[in-house]
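**Student:** Got two chains here, separate frames each, mind docking them using the hints?
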Amino acid sequence: MGILIDGDTKVLCQGLTGATATRLSERAIAYGTKMVGGVVPGKGGQSHLHLPVFDTVAEAAQETQPDASAIFVPPASAGAAMIEAIEAEIPLAICVTERVPVLDMVRVKSALEGSNTRLIGPNSQGVITPDVCKIGVMPERPHTPGRIGIVSRSATLNYEAVDQTTVLHLGQSTSVGIGGDPVYGMSFIDCLELFFADDATEGIILIGEIGGTAEEEAAAFLKTASSKKPVVAYVAGINAPTDRRMGHAGTVDVFGEGNVTAKIEALEAAGAIIAPNAAEMGTTMRKALGGR
Amino acid sequence: MNLHEYQAKELLKTYGMPVPAGIAAATPDEADKAAATLGGTAWVVKAQVHAGGRGRAGGVKIVKSSKAAGEAAQGMLGTRLVTAQTGALGKQVKRVYVEQACEVAKEIYLAALVDRSLGRVAFLASSEGGEDFEEAAAAAPDKIHKLVIDSKTGLDDADALALAADLGLSGEQAIAVAKAMASVYKAFLENDASLIEINPLAVTAEGDLFALDVKMIVDDNAVFRHPEFEKLWDEAEVSAEEIEARRHELNYVPMDGNIGVMVTGAGLALAILDMLKDLGGDAADFMDVRPVATREQVAAGITMLLADANVKAILVVTMGGGVLRCDTIAEGIAIACKEAGSHVPVIVRAAGTAKELAELALNNQDIQVTFADTLADAAEKAVTAAGSAAGGS
Chain A
1 MGILIDGDTK VLCQGLTGAT ATRLSERAIA YGTKMVGGVV PGKGGQSHLH
51 LPVFDTVAEA AQETQPDASA IFVPPASAGA AMIEAIEAEI PLAICVTERV
101 PVLDMVRVKS ALEGSNTRLI GPNSQGVITP DVCKIGVMPE RPHTPGRIGI
151 VSRSATLNYE AVDQTTVLHL GQSTSVGIGG DPVYGMSFID CLELFFADDA
201 TEGIILIGEI GGTAEEEAAA FLKTASSKKP VVAYVAGINA PTDRRMGHAG
251 TVDVFGEGNV TAKIEALEAA GAIIAPNAAE MGTTMRKALG GR
Chain B
1 MNLHEYQAKE LLKTYGMPVP AGIAAATPDE ADKAAATLGG TAWVVKAQVH
51 AGGRGRAGGV KIVKSSKAAG EAAQGMLGTR LVTAQTGALG KQVKRVYVEQ
101 ACEVAKEIYL AALVDRSLGR VAFLASSEGG EDFEEAAAAA PDKIHKLVID
151 SKTGLDDADA LALAADLGLS GEQAIAVAKA MASVYKAFLE NDASLIEINP
201 LAVTAEGDLF ALDVKMIVDD NAVFRHPEFE KLWDEAEVSA EEIEARRHEL
251 NYVPMDGNIG VMVTGAGLAL AILDMLKDLG GDAADFMDVR PVATREQVAA
301 GITMLLADAN VKAILVVTMG GGVLRCDTIA EGIAIACKEA GSHVPVIVRA
351 AGTAKELAEL ALNNQDIQVT FADTLADAAE KAVTAAGSAA GGS
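From first to last, the protein sequence lines are chains A and B. For the first sequence, our numbering puts the final residue at 292, and the numbers step up evenly by one. For the second sequence, our numbering puts the final residue at 393, and the numbers step up evenly by one.
Source of the hints: derived by calculation from the structure; they are not laboratory data. Every residue, glycine too, gets a C-beta built ideally from N, C-alpha and C. Any given hint could be a false lead.
What the hints assert, rightly or not - Quick partial rundown of chain B residues pointing at chain A, CB under 10 Å, derived from the structure:
| hint | residue |
| --- | --- |
| 1 | Arg116 |
| 2 | Ala193 |
| 3 | Phe224 |
| 4 | Ala283 |
Stated by the list, open to error - Calculated lysine-lysine pairs in the DSBU-like style (CA-CA distance at most 30 Å, straight line):
| hint | chain 1 | residue 1 | chain 2 | residue 2 |
| --- | --- | --- | --- | --- |
| 5 | A | Lys109 | B | Lys179 |
| 6 | B | Lys186 | A | Lys109 |
| 7 | B | Lys186 | B | Lys13 |
| 8 | A | Lys109 | B | Lys215 |
| 9 | B | Lys215 | B | Lys186 |
| 10 | B | Lys277 | A | Lys287 |
| 11 | B | Lys106 | B | Lys186 |
So here's chain B without its partners, still in its complex pose (with noise of 0.2 Å):
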């Protein structure tokens, strides 16, 4: 789960985390008056969506007025977004961020992360931050500094300074970063982050230190015990698909074929994707049935593949395994296609435990279903399926 980076920041706030003054505005007028109430004189005005590479999109405006300001939130409010991160269709704008502007003398990349090779904590650091860092980064990756954290003694303060070292600060800054760390660290794992990216993580031109923006990502699966988290979701950052998938508890990710793919378990999932598009075919999605689904779940599943227009094939693919049985899936089928009186080809390669009683459940059902005995098979015949489908529409 990503947050924005306005909810980001008052929560490092909360940790020590030296962040400029800013309120969220859902409203032009707001901004205007945000701007008012925050005084100064110079203003920063930044989208809020889920994605990098906002401020050459047009995403963040720097304004010397608080008027200005509101016009600023006027022209992104109810757009869509589109940065090298989003995707051609973008991402819907629906608050701006309006923070106190400062004069940044330094940038600095500071960033905490789990490593998954050594299964610990890890911070990246590099003296060369801001909106050019990961090209530098990818040019010249011995500029990035590593720092593993050892979960039995958590993160040693001089390990922290060494560190402030390496990215050329001394003194006070070093101290100041040090301390960041520390405050970065102690929300990481109080948060159940899996990233905290600050970038950059400013000296301004007094020598104080700021983040000027956050990127953080909570662990899907430890979003159970942060009830929290609950009220910063933002459903207006995915597909009604997606938040009916998730109701359902299927794994979906919308994709831009004509092959409705469901199938049970994530790697013959990204198996079967890469088996359509060798046979000339593309998945409209990726669905992963988990081995505790319902058959209610499943149907839920169909009827959403059902649902899109773009489908002219569905391919479902099941290996039963010691917890899902291959009927619960045809039941869940046979469901959802009589309900929405089936319209579509359905190609489905059962195996696995009750294989037979999966296909008993689909044959005395009047739908159109096609059985497959391989895996290639299957795809062959989805592929097939879809394209004579489109070639006569």
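Excised from the complex, chain A in its bound form (with noise of 0.2 Å):
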């Protein structure tokens, strides 16, 4: 099972025609994920990798039916990128673009208010499933099916989550990245109530950052969430300065508030089991699950 994507999910790429979209969807298409499109303004009609190139997102949705777009468009039309897909109702978007200015995302924001669209990231390393789909610029390697669903705002802590329950036969359901940026589409709550709600996991590791209050937003839920799975936390950053840029953009605050501390004791307050450094999120997970 897992969540938001499966083995039926049909792919779309915005983008298809750079580099980078290209090497990257070829990993999905050998991975298993069913591709079946591109949108590249003025390269409607051309064929690449195989798959049928479109204008634009509404053209490419009426001839293909995508579940999902997979957005690789620079920073500069990632906006507009998103906001395609939204007005083409495209049930699931994902961004991996980094560096999109954050007033762009206030009116992506504004329009995802009553759409039929989930938005991933902006900064967003993507979404797998192992061995049945994935969205992304995730490596495959350490990724095995299993029973831990994963979210994070950050990638390389999001690989390190997947290595140790990977090496820990714990294994992932799927693994989300919400990515590193201030604003931006689906958060650790809709997240978690997909993990809740799915069969396929039994536990959830949550990897937060200093900055903003998504994980303080997400310990809130937690408080009156009804799941009895077990929850581990782990929140970067407790020794970096909050009015510094620490590389993602969401790290800064500009009243130097989101420290980590704070956000620690109220996912523990909530429920949360706190893994003390990045290295313990597998261990800290099985044993939360009782040594299974």
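**Tutor:** Next comes the structure, spelled out in structure tokens:
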């Protein structure tokens, strides 16, 4: 099972003919992802990787009925690409683009309100259900099918959690990167709700970081949630300053808010099990599952 | 990217925001002349650095003659101003801003920013602005009024007037505040700001409104569509290392420790900093290599770490993904270490895409490399290496 995507998910790629999009789409196809087409303005009618290319998402949607769109479009046009996917009512849009201007995301959020689209990212590595479907830039190798749902603001910490759960034979149901930007689509809460409802997921690893209040909001949700599935949380950056941008745009806070201690306290008070460091996310989960 | 006060004021003025007449000066003589040109009987001389808390740190002086303006500038220019927000090193004062002084009857706080949770632009306002705003706001958060803007409809006049009324203003002053908000909102959108903070927005004894201090931050991710900001970028505000890192597209923040750190991925880098601290070590920096980095950019980053005399060991952690490959990182390390003549131990934890190639690339070189299998192992080895190097020197 897993969440958001499965073996039947038909995937479109916005920006398909770009070098990175081409390479990653080839790998996605090899992995088993059902790619159905691409959108590149001005290249409609062409074929790329044996897939039909369209000028607009609307045309592609009509011709190929995609369930998801992978957005590999440069920062200057990524906002417009997300809005195009939303207006074409693509059920799931996944934007991997880094460095999207935040005011473009304010416009995207406005377009999302009341729409039929779920947005993941931007600045997300994507979503993967091991051995079934991958949309994004994550490496395939450490992933194995299994029982743990992973949701993270950071791609590389997400891969660490994947690696650790694979080594411990827990595996992953689905792994989701919600992205490291200040304004973005699906939140921790949206993913927790889906993981709680997913039969294949027995435990969830939530990976946060300094900046913003997404972890506190997740904690408030966990307090009221009735699910008995263990949630292991790790929040990075307890020793970092909040007034500097630590790589991700979402780590800096204009008022120096978003410190990690408050996030950890909120999550712990809501019943999450805190992993002491990034190397022990997997072992903490195994313990939480009773050593199973 | 932060703008200086005088840059932000000049920009906001073009949007109709009332600001006191002012001139930026780089020498005491220029400051003297600026006051004379502006006219009046009293002026404020303000150090132009990217930090709050200047008033209490001696970076703001009220003077009653143009000669005194020059003297005040003399006292500030070339010094390092240390405020509550600058850290112990302070910020070098390269410019002062000379403004006509005005008599303030009331100080308002007004800020526009992106509310991250809502994904919308919002105004924050308080009738109790001024130097003590932050403490006052922390003590009584209910005195801060918030207006969230729907980007589809924009700033509504009636909402702006209602916010002014919440601040205890009425009549012409309320209208003036609503107008100021419209100016700020337009400037915010058109310049891709992430913060425009006016504190105080002063009501003068005559009842006029003036933005007395402005802090403005523009979105680094949007600077590409504002070439005009290129010339506002002040290299004096950041260290030479930060400029170098920026040139090589490395996300770099200097820190105080002795372990040079390079990590592929910001979240993982933060996690490494935390692990080093738990083991009694301290990072000399935060350095995040982006997935699209080239080996030359990686080499430039390692060269920077090797050039730092505080660095006793270097820890490189890579998690190769779908875009970044471990061998790219390894080649960069090899280039930099050979160039500098490796003199500090380098600990490498390579995992993910092309990890074997990374080991191959480093093993065949004449450099001090130790491999680690896990994050914990890598952090321990780095702390040990830095500790023994520091103890031995």
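**Student:** When the nearest CB of chain A is found for Arg116 (chain B), is that gap smaller than 10 Å?
**Tutor:** 5 Å, holds
**Student:** Are Ala193 (chain B) and chain A close enough, Cβ to Cβ, to be under 10 Å, as the hint says?
**Tutor:** 8 Å, holds
**Student:** Decide if the proposed pair is consistent with the structure: Lys215 (chain B) and Lys186 (chain B), CA atoms, cutoff 30 Å inclusive.
**Tutor:** Holds. Lys215 (chain B) to Lys186 (chain B) sits at ~16 Å (cutoff 30 Å).
**Student:** Regarding the pair Lys277 (chain B) and Lys287 (chain A), is the alpha-carbon distance no greater than 30 Å?
**Tutor:** Since the Cα atoms of Lys277 (chain B) and Lys287 (chain A) sit roughly 25 Å apart, the hinted pair holds (cutoff 30 Å).
**Student:** Given the proposed pairing of Lys106 (chain B) with Lys186 (chain B), does the C-alpha separation stay at or below 30 Å?
**Tutor:** Answer holds: Lys106 (chain B) to Lys186 (chain B) is near 25 Å, not above 30 Å.
**Student:** Is the hinted pair Lys186 (chain B) and Lys13 (chain B) satisfied, with a Cα-Cα distance of at most 30 Å?
**Tutor:** Since the Cα atoms of Lys186 (chain B) and Lys13 (chain B) sit roughly 12 Å apart, the hinted pair holds (cutoff 30 Å).
**Student:** With a cut-off of 10 Å, does the beta carbon of Ala283 (chain B) approach a beta carbon of chain A closely enough for the hint to hold?
**Tutor:** Because about 8 Å separates Ala283 (chain B) from the closest Cβ in chain A, which is inside the 10 Å limit, the hint holds.
**Student:** So if I understand the rule, the pair passes when the alpha-carbon distance is 30 Å or less; does Lys109 (chain A) with Lys215 (chain B) pass?
**Tutor:** Holds, at about 26 Å.
**Student:** Can the restraint linking Lys186 (chain B) and Lys109 (chain A) be considered satisfied, given a maximum Cα separation of 30 Å?
**Tutor:** Within the cut-off at roughly 19 Å; holds.
**Student:** Given the hinted pair Lys109 (chain A) and Lys179 (chain B), is their Cα-Cα distance within 30 Å?
**Tutor:** 27 Å, holds
**Student:** Hey, does the Phe224 (chain B) contact hint survive, CB to chain A under 10 Å?
**Tutor:** 7 Å, holds
Comparing the model with each numbered hint stated earlier shows that all of them hold.
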